[in-house]
Structures are given as structure tokens and as C-alpha cells.
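Please work from the sequences and hints to get the whole structure.
These are the residues of each chain, in order.
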Amino acid sequence: MPPKYHIATSQASNRFQKITRSGIIAWEEGCLKCARCVKKDCVYQVYEKRNLDGRQMLDSIDSVCMDCFRCVQNCPNRLIHKGLNPSYKVIGDHYWTPEIISNLWFQAESGRIPVSGAGYGGPFSGPGFDAMWTDMSEIVRPTRDGIHGREYISTTVDIGRKIMALELGPDGEVLSPAPPLVELPLPVIFDMLPWSPPGDNIPLAFLRSAKALGTFAIVRQTGLNPAIKGFLSNIIIYVDGNPDDLDTQFLRSARIIEIPGGEDPIALQRRFKSINPDLVVIIRLRLGPKTAEQVLALVAQGAEAIHCVADEYGLEEGSNPLFIKERMKEIHLHLVDKGVRDQITLIGGGGVAMAEHMAKLIICGADALSIDIPLLVAMECRVCRRCKEGIACPVELESVDPQWGSVRITNLMAGWHSQILEILGAMGMREVRRLRGEMGRAMFFEDLEREIFSTMGKRG
Amino acid sequence: MATDHFHFPETKKAPSRFRNALGKYRITITRACTNCGLCLDLCPYGVYQAGSKRPKASCDHLCIGPSCSKNEFYCVNRCPEKAIHIRSNPSFEVLGDRRWPAELLAGTWHMAETGTTPHQDLNYKTGNSGGGFDKIRFIFPGKNGNGKPGTGEDISTAIELNRSGDSRPRVTIPLPLYLGGMSFGSVSIVTMLSRVRAAVALGTFCCTGEGGYPEELMPYDDHIITQVATGLFGVREETIKRVRIVEFKYAQGAKPGLGGHLLGDKVTPRVAQMREAVPGSALFSPFPFHSVYSVEDHKKHVDWIKETNQKALVSVKVSTPTDVDMVAVGSYYAGAHIVQLDGSYGGTGAAPDIAKKNIAMPIEYALPKVHKFLLAEGIRDKITIIASGGIRSAYDMAKIIAMGADGVCLGTADLVALECIRCHHCESGRGCARGIATTDEELTNLMELEWGTQRIINMYTAWRTQLVGILKRLGMKSVAELVGRFDVIAHMDYMKKEEIEGELD
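So the sequence lines, in the order shown, correspond to chains A and B.
All residue numbers for the first sequence refer to the working numbering, where the first residue is 1 and numbers rise by one.
All residue numbers for the second sequence refer to the working numbering, where the first residue is 1001 and numbers rise by one.
Simulated crosslink set (DSS-like; lysine-lysine; CA at most 25 Å straight-line):
hint, chain 1, residue 1, chain 2, residue 2
1, B, Lys1372, B, Lys1135
2, A, Lys458, B, Lys1472
3, A, Lys89, B, Lys1357
4, B, Lys1056, A, Lys33
5, B, Lys1241, B, Lys1311
6, A, Lys458, B, Lys1496
7, B, Lys1013, B, Lys1056
8, B, Lys1357, A, Lys329
9, A, Lys33, B, Lys1053
10, A, Lys89, B, Lys1024
11, B, Lys1372, B, Lys1299
12, A, Lys458, B, Lys1477
13, B, Lys1024, A, Lys39
14, B, Lys1056, A, Lys39
15, B, Lys1135, A, Lys458
16, A, Lys458, B, Lys1372
17, B, Lys1070, B, Lys1056
It should be emphasised that the hints constitute simulated quantities derived from the structure, not laboratory data.
Note that this is a predicted model, so its numbers are computed, not measured.
Laid out in C-alpha cells, this is it:
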């Protein structure tokens, strides 16, 4: 039995007051001064624990309240009300919603997965990743004792090119060159950020966590500096500068490098591999309507791994952009159709915001994926994008303690790891490699709607 | 049971157990009030109560709001001192979620309080989830439509649970619904007994869930479904023999494909004894059944129960995977009388959010798939299909029947009748702060058995009235006629208004 992949977590408290959904509004005027005030009966002791934020004008926002409404319903003079927190509603945007962001905060703080009672309370479906469901199997599947045993589900993926058949010499010796592979224990790498407050602390937090997890963080060549040199074995350099400037010593020890998909990436790949044949080269492509053809051509020329990147909303380039999950399906199926899918590693990225997106993008054809914004959110980022405008970060991310930050990111990844195990376990799968492209084990909104709802209401 | 002559229980008023019921509107009376008492006389809904200085609007949840202004009894206009103000209840927007918005909760509470359909402007028929049931409407024939409306009294809402034609007893229930499993330990004994007693009064069944058969339930054996689930907790030959229906739970919609997990804190000595476990240590219900890896194994399971209890019907509860239709056929051939499809958006127990939202499909897709598949197999009339997982209202119930179910199984709606507000924190600290899903003694005492029983009876009585109303408007004589009538419902995204002949509701 291979060793279990285990992510160590530890509680990492917020530095700033958490922004929660609702608050309590209590008026004093008209208070009867009851001998036993309903505030004393609070099951969660909210009123005793109230942790008021001195920087806030109002003291009504409360992060301990669980919305049980008992004080609201029992106050004799009805002086207590609940209200939606206006600052909660404006967190993030239409894609990076307050629900997603607070869900990520919870995991980053605790390392636990969000659990709740009373069924699902959200919308029926939605755009993008919310328009699909994953499968489960009722009986035929590996055993799984509650949460015991699930550690035997593997989340390992390989990055690199695979050969489809071995060529043997007359004496049975293997003639085919074995291309290098890098094994990731989790199908995730950390990507460069679309926007970020300045400084080394954020990349240092990423790299510390990447090291703890056994994965990699992509760092721009132009962003390399002595502060991060200690993490070289967890860095994927993105060659955004002059390739000649790269240190040969570094290239000889690096395991993965990422290059732009611009002019003849294969020539650049050859050049790097001539220096270090064990180097895995990832070609980074901006996702667009022609990506499937581009990927196919690159596979034919010997590409090893391709990183298809959408924008932070999961959208590709172009005037009528497709969502990454749709384009990834097309790329995957195109390669399957041409019989070359297994030769290459496909990494998808952009718009991956929750653990379920990870599973869903893999079902749609990615081997692994890259994440960016959730790593910042793990460190309390509110996705306000002020840093993009050069305005100061409200949670002072530029001065974040890299150690604390890395624990938060590792906690978040532990939560995601546990959740992908839940998805795989429900489907009866023992490893994430088998999930790739398993579209038959998913249910798509468009198909189900057409099959079930479009025929209703017709007579005869 | 002669269900056509079934005597439905009486409804009795069962107001909120908290001082202030939650309603859509808030009424305030200013100091200008001279306590003339006119508002008390005017309001037909009983909003006001007399007070020493001025009337109290203690039942403002019964107020119909500004839409009352067209009535001559509108208190705001009639008050000689202009002392009455109506505004929206500010707490209302925090209440509920997309599937159970505040209006649906308040509407359901009204039914549980009064036994009648809400008169306030509350949408008690659908939620706000933007799809599925919430986008489906009935197409009722216009005023001069083809239906021949009966009086309502002669419309049958009864369904037969044993359609197999075997030698086992026929079991008819007077309403197309029974109550789903919530184990002792996950809910309080008061909650459990309230549900069971309501099921008895309504002539239907209530499932024990996995976790044993508390002796308090024994007087109600004839209305109990006992569950055999993967942990086999509390399953004994003796309990199998007591009941008329035994249910196999393969999976549940709340967490399809995942096992159950009862936290150590909830394993009190009483719970532990019933489950033959150690107090304080967490209990895992594995997934799947470790004795079932094929349809043949499944048949062996069903045979085992049938042999143990020669009179019981066997129900098989499954979740909604891609191949849900094959699972249903398998259940039929293994000899099940009932197949219960538990959709992925329902459930009451604690579960990982990722599972609740993403794993398996909503019941609105699964049920029609299974219905059509069994029809094509020629076995649809030999098995009873029960839908569960996301049925929130009488309208959801009627819609899923029109989509192919024979009846429904409910859980969350019962809890809402008991004043669950869907805060989703069933597992926090000492358990449900409202005393529904807890074994904490003090919290359990927040609710009385008589009250709980009556609330559930009241709600389903109101559902029955609404179901009869729907059948009447469709010109149907029985709920059995509604099964699989996709022609009487439409999905608003796929049907243009002008295509529809009749009235949408």
C-alpha cells in the first residue's frame, strides 16, 4: 500500500474582523428592562461573547450569531431585529460571490470542510460550473467505511508526456526514451496572480504552502529574487523574459518550466531540454476558440504539457467567449478523437473558485488545474481588486506573515483535498486520474433540461 | 383501511411557541393612539389584541399588508388618530434561503398554525431557486375549460402502496404522502413522536430512520416504517416483525454516496443503548451496504426481510445517479413494492455542502426519467414510486406526481411546521437552537408534543385542501389520475405564454 497523502492542518485565526452575512440590530429605546432579558438566553452566548470591532461605527454586525431568531421572536417589546450586513453583500462580484469567499475563508481558517444541516438552500443551477452535477453509485463500488478508508483514494497526477507503446530492441531492451514525468500528490498547481498587492510576502506564503503540499507555484522569471531562492524545488519558472537570461545552473536543477505559447514554443522547449533532458516543459496558452486546434498541433510536434488559461471569470478570449468547462470538453474530445489524448498533460486554469470546480474541470477533460485568486482569499482577500488600481489593501496583504499565510493556504487545500475525496468516493473511484474526461459520470444541465422539461405541457 | 371514508383529523389552532411570530409585515401604533378600539373591531384577521394603553398588534403575521388598502376595513386609513403604521418586517430578508425563501417559510408556518391556506400575500407554492419546481406551473383549463369540477368531497387523494399483485396486504394511505426517516439522536424524541402521531392521525406512515426503534414508538407500530440502513444500527428481528413496511436505505439525497456520521456528542447513553454502541463515541454509517455489490445481492437482502416478516411491504430508498432508471428497475426485479427516489437537494441531516449541492441530480430530473423508463419496461403499474428530497409544498407534491410519482415522502416540511427556520446550523454546539434537531434536554423542552403533533396535522390538512383544489381545477376525480400527466404542467423556460391554453398557476 503506498503511503497515504495527508495534509496537516492547524487553526489559523483571522487577522481582521470577519465579514458575516447578517447582524443583530437591537434598539434600546422602549426596553422594558426585563428581569430576565432574552439576550441572556442565547444558545450561542452571542451577547456575552460579542467581539465588537472598535474600528466600526456600528456595533451591530456580529460574527457569532447563527441566525436562530430566538431573541427576535422572544423580546417582549420586539426591540431586536436581524438585518443583512451591507458590507457582506458587496464582497467580491457576480462570480466571486460573498458565499464563495466566505466558504473559502472558513476552510482557510479551520482546515475543515463546510458542513451544514437542513438540505441545500441555493439556486437550482447556474452558469458555468453550476450547470452540472457529479455522479454517485448506489452499490457497485469499492468499500468505504464512513470516513475511514478514504485516504486510500489517490489524488496523484503526472505532469509530462507519455509514450503510447514501448519500442523494444532485438534482445528485448527498451529503446523508447522515457520522457520525464513529475508527480503531483494533488491535481493542483498555484498560478501567477491576475492582480495582487506588491511585495515578497505573498509569493513566499504560496511557496511555503506549495512545499508543504508537495506541489508547485508558478513564478515569473522577472519576479525571481533572492528571497524565494530557498524554494527552487517547488517553483515553476514562467519564462516571460529573455530565455538567455536564465541561469544554466538553475535550469539543470529545475523540474518544470513554463513557456509562453507564442512563436514556436517547441523550439524553446527543445532548447531547454537540451540543457536538462529531465525538465518537463509546460506551454501556456490563453484559452480561446482555436485552442483545440493549437493543442492538437503542439501534441504532434512533441509538446509535453499544455496549460490552458481562462480569465479570472473562467472565460476565454474573443467576442463571444465560452466558459472554460465547455472549451475544455472540446479540447479533450478533439484529442480523444485524434487518438492522442493520453500523450499529453492538460492543465486548466482561470475561474477555479471552489473544490467542486476542481472535480468538474477534471471531468471535463483536464488532468490537473491551476488556481490563483482562492490562494489570496485564503489570506483574507476580499476580492475588492483595489490593489489593481494601486490602492491600499484593506486587509494589508502586502505585509502578511508568510508563515501564517502558508498555513491558511494549506488549510484551504486540505479542505479541497477532502472534498475531492468525497466526490470520488461517491462515484466509487479510487483515483483522480480515472476522473479525467469521465463526462458519462456527470449530469449536464442542458442535456437534462432538454430531456425532461422541454416536452412538458404538450398535449397528445 | 377504508380510505375513501377516512376521517381526517380536525385542525386546531396551534400558534407559534415563541412570543412574536415572524411575518412579512410589522405594525406599529404610535403614542397618538387613544385606545378607541376601532382597529380591533375592523380587522377580520385577528391582528390586534386589546391592551391597557393601546391595542397590541401581537398577531401582525396575520396582516395582509398594504394590499389591504382597497378594503374598507383597512386600519391604517380608518384609524381616527392615524396612529397605525405598516411596514415590511426588516428581519424578513435575512430569513430562509433560495429554496425556502421567507415567504414560503411564513406560508408554511401559517398552514401549521391554522390548518388553512394563507390569506396573506405570501408565495406558499414555490421558492426562489430559479429552476425545477420553481419554474414549473400547472396549466389549468380556463373558466370554460373541459374539466367537470366536482365538489371536492368526492375527490380521492388516497394511494395504494402495494401494487405488485403479490399475496401481501394492500396498504392504502388517504393522502399521497408519508413521512421520511429522521433517526432518534438526530432529532429530539418530541420531534420524532410529533411526526409519528401526526402520521397516525393522517392514516399514513412515518419512518424511524437509522438508529433504532425507541419504545415510545411501539403504540404506533402500524404506522411505522422501520429502516434498515448500512450501519444496521438498531435493526433487530423483533423490530422488523413489528411493522407493515420495511425500508432499505441504500443512499440519501442529503449526501448521496457518502456514509452517515453521528457526532460523539449526540451519542447519549440512550442513543448508544438503542444502537448497541458506546456513549460519547462517534458512529459511522458506512457507504455502501458492504453486503451488497450487485442486484443479486440486493435481491437477497429483500428476500431476507420478506422472510423475516411475511406481511411487510419492502421499500427501497435510493439516491439519483445517472443510472437511476436502472437502479429502479433493479429494485423492482428484486421484489421491492416501493422505490423511493431521494433527490439531491433535500435531506435534513448534516452533510458536506459540496455533496448537497453537486452530487446526484435534483428530483425534478430523476423522477420523470424513472417513470418513463418503467413505463417502457411495462412494469410501471407494478411498483409504487415515491419522490422525496426537495418537496416543499402541496404544489411541489402535485407537480412531482404529474411528473410520474405516485406519492411523496417528506421531512424538511415537517421541521418547518415545527418552526425550523432553516438556519442550517443543526449541528452547532448543543444542536438546534429551536429544540427540533437536538438531544439537549433544555432545548428539547422548548417544544410540546401536543403542539408539535397538531402543527404537522394542520400543515398536511392545508396541503390536502390545496391538492384537492388542484385536482378539481384539472377536472380530475383522484390523485391517481394525475400521475405522469406531463401535459398539465409547463416549464416557464420552454413554454411561451401564447402557447398555453388556460391559466398558469
